[in-house]
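Trainee: Please work from the sequences and hints to get the whole structure.
From first to last, the protein sequence lines are chains A and B. Take 1 as the starting number for the first sequence in the numbering used here and just add one per residue. Take 1001 as the starting number for the second sequence in the numbering used here and just add one per residue.
The reader is advised that the hints may include incorrect statements.
What the hints assert, rightly or not - Going by beta-carbon spacing under 8 Å, a handful of chain B positions derived as facing chain A:
#1 Asn1055
#2 Leu1056
#3 Pro1074
#4 Val1080
#5 Leu1095
#6 Gly1097
What the hints assert, rightly or not - One side only, chain A facing chain B, incomplete, derived with CB under 7 Å:
#7 Val80
#8 Leu114
#9 Ala249
Stated by the list, open to error - Some chain B residues flagged as far from chain A (calculated, every beta-carbon gap over 12 Å):
#10 Gly1014
#11 Ala1027
#12 Asn1029
#13 Ser1031
#14 Glu1130
#15 Ala1149
#16 Gly1174
#17 Gln1196
#18 Phe1205
#19 Thr1232
#20 Arg1236
#21 Glu1256
#22 Gly1259
#23 Val1314
No lab work stands behind these hints, which were simulated from the structure alone. Where a beta carbon is used, it is the ideal one built from N, C-alpha and C, also for glycine.
Protein chains: 2
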Amino acid sequence: MTQPTMQQVAESAGVSTALVSLVMRGAPNVSDKRRALVLKAADELGYRPNVLARNLASRRTRTLGIVVNDLHNPFFAEIVDGIQTTAAANDYRILIGTGLHSRRGEADAIETFLQFRVDGLILAGAVVTEGEMERAAKSAAVLAIGRTASSLEIDTVNCDEFVGAHLVIEHLVGLGHRRISHIDGGSGAGAAKRRQGYEDSMREFGLEDHINTASGDFSEAGGYNAADELLTMHPRPTAIFAANDLSAAGALDRVEDAGLEVPSEMALVGYDNTGLAAMHHLSLTTINQPRGEFGRIATELILERLDDGRTTAVHHVVAPTLVVRRTSGPYSETSSEREVAL
Amino acid sequence: MTQPTMQQVAESAGVSTALVSLVMRGAPNVSDKRRALVLKAADELGYRPNVLARNLASRRTRTLGIVVNDLHNPFFAEIVDGIQTTAAANDYRILIGTGLHSRRGEADAIETFLQFRVDGLILAGAVVTEGEMERAAKSAAVLAIGRTASSLEIDTVNCDEFVGAHLVIEHLVGLGHRRISHIDGGSGAGAAKRRQGYEDSMREFGLEDHINTASGDFSEAGGYNAADELLTMHPRPTAIFAANDLSAAGALDRVEDAGLEVPSEMALVGYDNTGLAAMHHLSLTTINQPRGEFGRIATELILERLDDGRTTAVHHVVAPTLVVRRTSGPYSETSSEREVAL
DNA sequence: AAAGATAATTAGTGCGCTCTAATCCCTGGT
DNA sequence: ACCAGGGATTAGAGCGCACTAATTATCTTT
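Mentor: What follows is the structure in C-alpha cells.
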C-alpha cells in the first residue's frame, strides 16, 4: 500500500526532485529529453502525485467543493453536471458532499471541505444560515445557488421565479383561462416567490378577483389534497398552477379521480421540468430552469474570484422558459359547467 | 484568507504544538485544565485543522471516496445515505465523485480520490474495468456495489437478481397468470441476470412455453416500444415483467393507449422500487432493493479492512423484496380475449 | 520525606511536495 | 577564444501537522 514518492522517481530517473516536480506540473522550461525521462520513470514506478503534500506546499488545491442539499433530487444532479464540465475545462476538480437533509449535516459537509482546504465552495440549495456561509467565505470563495446572500464575499446564482410564474399565467391567459388557482409550496425553496409571482401576474392581467391559493408542500400528497380543496369551489378553477412538478402530479391524480378531462376540463401547469414532467405518461406543461447553466455560470463566477482576483459580489439571475406539453390547453366554455363526483 | 495554524494556537494558549495536536485529536492523557485552555484559544482564533497536513503526517485521511455511476439516478442517493450514516457513526467522512457517465470520467474520479489519499473507495454501479479497480486496490481499500470482482483485494455487495426475478414470477403465477412476458434491460446493469432469473423461474413453474422477451434498454421509450411489440402477439400476454421501473412506466403507457385495463386486463411489474413506482399516479408493483442496506453493509465491510485489518475478500449478497401495488392483479379468463385497437 | 511509579508535556524529526534563489550549461556575438 | 545572456537544473527551506522519545510534573507508597 505504500506509494512511490517524487524522491524515488527522481532517483530512478537520475535527476533532482525539483525537476520531477516541474515535469509533474507541466512547467515549460524543461528539456524534452529530461521530461521524457522523468515521465517514463514515473510511469514505471506507478507514481501518483500526493495532492495532500502538493497542496500543503502550494497552498492551493485546485478543487471545488460542492454542497448539495438533496442528492435525491435530480434537479441537483444537472447542476453538478454543469459544474463538473466547466471545472474540468479549467483544470479544476470537484468533490461533492451532502448534509443528509439537515442544516447541521450541511454545516459539517462545509467544514469537511474547508478542512480539505478546497479553493472554492458552491452551495446548491443549501439551507445553512448566512452566518455559516460568511464564516466559510473567510477561508474559501463561496457561491450559493438558489438563495440570496448579502455579504460582499458571497456570489449567488438564481432563477427569476417571478418571470417563471409570469410565463405560466401568460400562457394560461393566452389560452383563454381566467379562473387560475395556485397550489403553493409552503416554506420550500422559491415557493414564496412563485406565489408572489402568481399573484402579481394575475393582477397584471386584471384577474385579481380570481387569485386563489391552496396550500401544498412541494409533495405529491400535498398537491393531491390541495386539488381536492380547489375542486370544491363554485365555480371551480379551469386551470391550476402548481409550485412544482411533484405537487402537479398529485393534483393531476385528484383531477383525474374526479373524472375531469385534462386539459379540456382542467389545465395543469407545474414547475421545474423534472424528469417526471417529461414522462410520456404525465407530459406536464411546466417551467424549465436551465440547470446545467446554473452550474456553468456558478463555476465561472467562482473561478473569477479564484483566478482573476475579483473581490466584489456578483448576483446572477437567469431566466426560466416555458415548456408546453399535454396538460395545458384552451379554455372551453363548458369546461367548468359539468358537475362531477367528488 | 490565511488560516491560523497549530503553532499560533499553541502560542496563544501558552503550550507546545504537540499538546495542541493531542487536544485536537482527542487524546486521553491531557489534563482538563490544559485541554480547556487549548480549546478556548483554538476557538478564539477560529482554528481549523488542516487535513492535508494532518494526513501527510499520519498517512491516514479517515475519508472514504464514493464513486457514483449516475448522480441522476435516485437509486444511488439512497446508497450514499446509507454509506454516510454508517461512516459518520465510525468517525469517517465521505467525499462523492462522479464520472459524467463515462468510463474515462469514472477512472478520473477514482484517480482524484487516490491523489487525495482516501483510505477507502466505494464504487457504486461503477463501469470501470476490473483492471482499474485492482490498480486502485493497491492504494486504498476498494469495494464495489452492484458488480462482481474476482480480485482478493476487492469486496463486493450485490442484490440477488435471481431471487428478485423469482419473486415477480411467483407473484404473478400465484395470481393465475401463465403468459408472462419480459421486457429486458439490454446491456444495462443487472439486466442479464434479471432476464436469466425470469427464464429460470418460468421453467420452474412449468411455463417454459411462455417464455418470451421483448428487448428494451431501461428507458421509458424502450418500454413503450417493447410493450407495443408484445401487444401484437396472439394470444397476447396477460402480464409483463419489466426489467426496471422506468421501462415499466413506458410499457404502462402503451398498454393504456391500447385501451386495456390495468391490472384486470394486463398486469405489470417493474423492478427497483424507484420513487416513480411509489407515485400514486403510477402505483407500480415492483421489486425493492434495500439500498440503504447496501450502503451500510458496504461501509461496514470496508471499515473491516481499514480498522480490523481484514485482508480476504468478502462478497455480500442481499435479498430483494416484492412490493405489491396496483398494477398487478389476478388473471381473469377473459382478459386476453377482448380485441383492442392497436 | 525520599524514592519509585505514573501521568502530563514537549523537543524534534519527517511526511511528500512547491518554490525561491542559486548554479550550471549552452549559445552566439565580437 | 572570451564573456554575456538566457534557458535548464538543483539545493534547500519550509508548508502544518503527527509521532516517538525524552523530559518534567504529579502522585503513591512506605
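Trainee: Does each hint fit the structure? Answer for all of them.
Mentor: Okay, the hints, checked on the actual structure:
no. : hint    : in the structure
1   : Asn1055 : holds, 6 Å
2   : Leu1056 : holds, 5 Å
3   : Pro1074 : holds, 5 Å
4   : Val1080 : holds, 6 Å
5   : Leu1095 : holds, 5 Å
6   : Gly1097 : holds, 7 Å
7   : Val80   : holds, 6 Å
8   : Leu114  : holds, 6 Å
9   : Ala249  : holds, 6 Å
10  : Gly1014 : holds, 25 Å
11  : Ala1027 : holds, 19 Å
12  : Asn1029 : holds, 25 Å
13  : Ser1031 : holds, 26 Å
14  : Glu1130 : holds, 17 Å
15  : Ala1149 : holds, 18 Å
16  : Gly1174 : holds, 27 Å
17  : Gln1196 : holds, 29 Å
18  : Phe1205 : holds, 31 Å
19  : Thr1232 : holds, 20 Å
20  : Arg1236 : holds, 21 Å
21  : Glu1256 : violated, 8 Å
22  : Gly1259 : holds, 15 Å
23  : Val1314 : holds, 18 Å
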